[in-house]
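A.B. asks: Protein chains in written order, with the working numbering: chain A, 1 to 226; chain B, 1 to 113; chain C, 1 to 237.
Hints were generated in silico from the structure; no laboratory data involved. C-beta: ideal position from N, C-alpha, C; glycine also. Each hint should be verified, as a subset may be incorrect.
In silico contact screen, one side only, chain A against chain B (beta carbon under 7 Å); selected entries [to be verified]:
(1) 42
(2) 89
(3) 93
(4) 96
(5) 100
(6) 198
(7) 199
(8) 203
(9) 210
(10) 213
Cβ-to-Cβ under 7 Å is the rule here; a few derived chain B residues that face chain A [to be verified]:
(11) 67
(12) 70
(13) 77
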Amino acid sequence: MRALPYALFIAAAAIFPMAPVRVFLETPNERTMGTAFKIFFFHVPMAWIFMLLAVVCGVAAGIELRRRSRRAAAVARASAEVSFLCGAGVLLTGPIWGNATWGEPWTGDARQMTTALLWLVVASYLLVRQYGGPSSRRLAAGLAIFGAVDVPIIYYAVKIWKTLHPTTDVVTTLPPSMRAALWPALCALLLVSLGLVIVRTRQVALEADLDEAWVELDRQAQGVTA
Amino acid sequence: MTGMHSIIAGLVGPWILAAGLVTAEPAAAPAGAAAQPEYAPVVGVSREDKEKAAMLEEAVAHKVARDYEHIVWAYGVLWGLFALYGVYLWRRGARLRADVDELRKAIDARGKA
Amino acid sequence: MRLWRQTWLLTRSDLRQELRDRELVLVAGLFSLLLVAMFAISFTALPAGNNHRVVLPGLLWMSVAFVGVLTLTRIFDREREADTLRALLAAPVDRLAIYLSKAAVTLIILLTSCALLVPGLALLFPELRMIVEQPAAAGLMLVLGSLGFTAVGAVFAAGLATGSGKNVLISVILYPLTTPVLMFDIVATRALLERHPDVWGYVGRLAALDAILLAVGALLFESIVVGVGRTAERRAS
Chain A
1 MRALPYALFI
11 AAAAIFPMAP
21 VRVFLETPNE
31 RTMGTAFKIF
41 FFHVPMAWIF
51 MLLAVVCGVA
61 AGIELRRRSR
71 RAAAVARASA
81 EVSFLCGAGV
91 LLTGPIWGNA
101 TWGEPWTGDA
111 RQMTTALLWL
121 VVASYLLVRQ
131 YGGPSSRRLA
141 AGLAIFGAVD
151 VPIIYYAVKI
161 WKTLHPTTDV
171 VTTLPPSMRA
181 ALWPALCALL
191 LVSLGLVIVR
201 TRQVALEADL
211 DEAWVELDRQ
221 AQGVTA
Chain B
1 MTGMHSIIAG
11 LVGPWILAAG
21 LVTAEPAAAP
31 AGAAAQPEYA
41 PVVGVSREDK
51 EKAAMLEEAV
61 AHKVARDYEH
71 IVWAYGVLWG
81 LFALYGVYLW
91 RRGARLRADV
101 DELRKAIDAR
111 GKA
Chain C
1 MRLWRQTWLL
11 TRSDLRQELR
21 DRELVLVAGL
31 FSLLLVAMFA
41 ISFTALPAGN
51 NHRVVLPGLL
61 WMSVAFVGVL
71 TLTRIFDRER
81 EADTLRALLA
91 APVDRLAIYL
101 SKAAVTLIIL
111 LTSCALLVPG
121 LALLFPELRM
131 IVEQPAAAGL
141 MLVLGSLGFT
151 AVGAVFAAGL
161 ATGSGKNVLI
171 SVILYPLTTP
181 VLMFDIVATR
191 ALLERHPDVW
201 GYVGRLAALD
211 AILLAVGALL
221 FESIVVGVGR
231 TAERRAS
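So that you can see chain A by itself, here it is in the shape it has in the complex (with noise of 0.2 Å):
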């Protein structure tokens, strides 16, 4: 169980030499996007990997706040910030992207705009959990809820703005070779994310875990002197 990260940081190295082969020899340029297209390969599943973990941390502060589960705070916690820098990565290559296909690092468009207003939801919640001190714990974790519901409002409004971002079908209408490119990419970005989660879940665990301690000491060496 200890080692458990580190397992899945193997496999993850394991199957990450396929993503640059398959996305980069075996993969056909797609016809508008040219070569830009490549960046699809990482921005997609990493936009995926953010999503995912937002709900994932709306899910473990809902079990947070029914059961006043530590473990649970924590898992939300590391995911949040997890999730914070998938976020960040997609919307840093999202330009990039942008800026070689559209000539246009943002463009303004509704999934851009709703990407960007999910991470800062993320980030809103991990400045609540860093500055809000322990009385804000329910506050942050009200908080990641209402962004895991909101996740599924912010994809339905792309489809009520009808806009130039390649629409949400396009990894179901990908050609056969282009989507045997993805499934490397997302798995080795999932498991190097889900083994981070869980080194930082340890982490904040045990900083809670110790904080607890030397109070406890204090109050020990306290009790001695009295």
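Take the given structure of chain A and dock chains B and C to it, following the hints.
C.D. replies: Chains B and C only, in chain A's frame:
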């Protein structure tokens, strides 16, 4: 980056040229070649076609190089972010370990006292 | 039935207090006028016509969001000053009724400030005057849009009021969370201004979103404000 440009141009160039030749050949083939056996014309393309091909080739090479630049940036950013987070976790872990050791020492000291 | 009765009683008592000192309405109203004045300073150079139609929905709903945060902060600050929220939470009152009554009071204040905002903006941007063509859709849109904002806002404002209370956090929490509502509002308002045939469809979507947000807010209110459930990990001491 210029090194990369020239490598890519070198890789892509001949193919483009070949493609240009293949597509241009039927149009440029002289009709009366069979009638005048003593005169062997240059089979291939006119100067304009060659120039057009060169221009296209240059444009494609430029576009590919620019796209590659974008890809290098995108992938660099992604893995750079993960690496930064890894370093952050590492430092945090080191600090936690130090804290645990300190706590242990404090407990030991208490035990002796 | 008891829930509605309690909600009604709580709302009425809040409104009575408001009628006595008129603090919330006056502050929110003046702030709305200030916002209109600031928009006037910023956007008078904007050429009329299509530009106005594009800018207007954003200005309107941004103002509602600003006024909403101001009002929510003030409502719960007042409770905290008198320490009445704690008493209310300890009283044998359904917590859901507290949530609903606070949301209702905020909604009423927001609508009053809308009554200033909309004419003010219409004075600046003549395009807005066309909403008199569809008063029902426009009115319903204002109500539903403000309701969506309050449904989220009341939960977090109450949570902040019972905690150690860093009120700065409310804007950091509320603005990102309410952006979907604002987006729906803005799209609906633009549809209205452009005389889109499916205005009611947009209003319907807004209503559906409100229902979701109210349901989530009602589910979460108690656990965020007072904390429920038992400790899963009993610590050996």
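A.B. asks: For which of the previously enumerated hints does the structure constitute a violation, in increasing order of number?
C.D. replies: 6
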